[in-house]
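The primary structure of each chain is shown beneath.
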Amino acid sequence: MNGLFSVSKDEVICSLYAPVNGTVIPQSEIPDEVFSTGMLGEGIGIIPDDGYFVSPVKGTVVDITPTLHAYSLLSDDGAEILLHIGIDTVELKGKGFESFVKTGQKIDVGTPLAKVNLDIIKKEGFSNVTAMIIINPDILSQLTIFEGECSASKSEIIKFVINKSDS
Amino acid sequence: MTFSYMITDENGIHARPAGMLVKFAKEMTDKITVKNKDKSADATKLFALMGLGAKKGDTLEFTVTGDNAEETIIKLREFCLKTF
Chain A
1 MNGLFSVSKD EVICSLYAPV NGTVIPQSEI PDEVFSTGML GEGIGIIPDD
51 GYFVSPVKGT VVDITPTLHA YSLLSDDGAE ILLHIGIDTV ELKGKGFESF
101 VKTGQKIDVG TPLAKVNLDI IKKEGFSNVT AMIIINPDIL SQLTIFEGEC
151 SASKSEIIKF VINKSDS
Chain B
1 MTFSYMITDE NGIHARPAGM LVKFAKEMTD KITVKNKDKS ADATKLFALM
51 GLGAKKGDTL EFTVTGDNAE ETIIKLREFC LKTF
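Protein chains in written order, with the numbering used here: chain A, 1 to 167; chain B, 1 to 84.
No lab work stands behind these hints: they were computed from the structure.
Ideal placement from N, C-alpha and C gives every residue a C-beta, glycine not left out.
Be aware that one or more of the hints could be misleading.
[To be verified] One-sided excerpt, in silico: chain A residues whose CB lies under 10 Å from chain B:
1) L40
2) E42
3) H84
4) K93
5) G125
6) S127
7) L143
With the rest of the complex left out, here is chain B (with noise of 0.2 Å):
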């Protein structure tokens, strides 16, 4: 499943809100992986979402993969409203 979130947060995805997508990811079972143009991380790596290199504008889009990625979804999007 898929999910698609513009970032608003002034700052993009820099160190603090790519550490609580890291934190986010790994308390979920499902896989979590995030496309920025044509970069791709898995949502557990820190260095790889920082060098997405999101900034504000940018479109964020992400894949869940898993037995429960339709409440990883929702936790997700709720996740985002509040980090990015």
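Next comes chain A alone, as it looks inside the complex (with noise of 0.2 Å):
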């Protein structure tokens, strides 16, 4: 029925969508050892093709970072989400940035979350490379990941099994 996915009735299938359009690459692959190494939770990582941010699941807005480059996301099952936009773009402070959410606010698959211009995240020094980071994975199971090229909240790019039960 859910093809290599068995669920029993207390747990829920779960998807994200691209944040982007861009390439989905392996979380190993992210050039920062803080996501890379999975010290923050499970993921990937993804080079953009343009700024345009959405988000990739239906659930509410935690916190955005004064700095606008991180958004943490709660999905209505409880997937908790950090998405970070670019590698070291805390340094930008802002510059390049702009966000259309709030911290509270109620989203859904593909609500615009942030404008960025690449180019400056780039003439500055930074990777683009953006990091989508499941950060409370012991929640979840049947983690899978799609890679390759990815269309902003059209791809899903992760599945997994939520135990309600657990929860």
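Two chains, two frames, some hints: make the complex.
In structure tokens:
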């Protein structure tokens, strides 16, 4: 019924969609060990093609860094997702970043989160590789990653099962 | 036991240092909570730590509870000096 996914009645299948047009790369290839080593959780890296970032999931904005480069999102199913745009981009102090959401705001797949000037990131010498990390991977199982080209809010790039009886 | 630390890192507690604190806190057997002004966070919770909005010049108050609190505070102090 669900392909390789076997679920019981307490379990729910969740998908995270691409937050931007680009190419999905393995987490281990993100050029920052905070993300690549899995210290923060499990996820993927994305090399963005453009600067239009959208929500990967239906849920709530929990936090936005004052520098507008990192978004903490809570999915309605309980997955905590950190979307971190670019590497070391905290140093830009918001330069090149424009945000469209507020803390506490409800979001859906495709809700615009931010517009980012990728040229500024590049010109300032930073990588624009974006990390999308599930920071509470202990509540999920059967995590599957879909690598390669992705289109914002349309491509399913991470799929997993959450056990509702645990959460 | 408590311990206070003033942040000297230019960028405050953003994703990287918060993630490092989570890793550190998970390695400890004691429970560590962090307070910044009126907000407090479990040191193992990344979102809560980033949500503290701790900036350069803010003073964090750490509370450590558990059997090895003294030892944990010493390690925590070293960690803070290196990280924040």
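Here is what the structure says about each hint:
Evaluation of the A/L40 hint against chain B yields a held restraint, the C-beta minimum of about 5 Å falling below 10 Å. The criterion of a C-beta within 10 Å of any C-beta in chain B is not met by A/E42, whose closest approach is roughly 13 Å, and the hint is violated. The criterion of a C-beta within 10 Å of any C-beta in chain B is met by A/H84, whose closest approach is roughly 6 Å, and the hint holds. With a cut of 10 Å, the hint placing A/K93 at the interface with chain B holds, because the nearest CB-to-CB distance is about 8 Å.
Look at A/G125: its Cβ only gets to about 16 Å from chain B, farther than 10 Å, so that hint breaks. Nearest Cβ of chain B to the Cβ of A/S127: about 14 Å, over the 10 Å cut. The hint is violated. For A/L143, the shortest C-beta to C-beta distance to chain B is roughly 18 Å, which exceeds 10 Å, and the interface hint is violated.
Checked against the numbered hints given earlier, the structure breaks hints 2, 5, 6 and 7 and satisfies all the rest.
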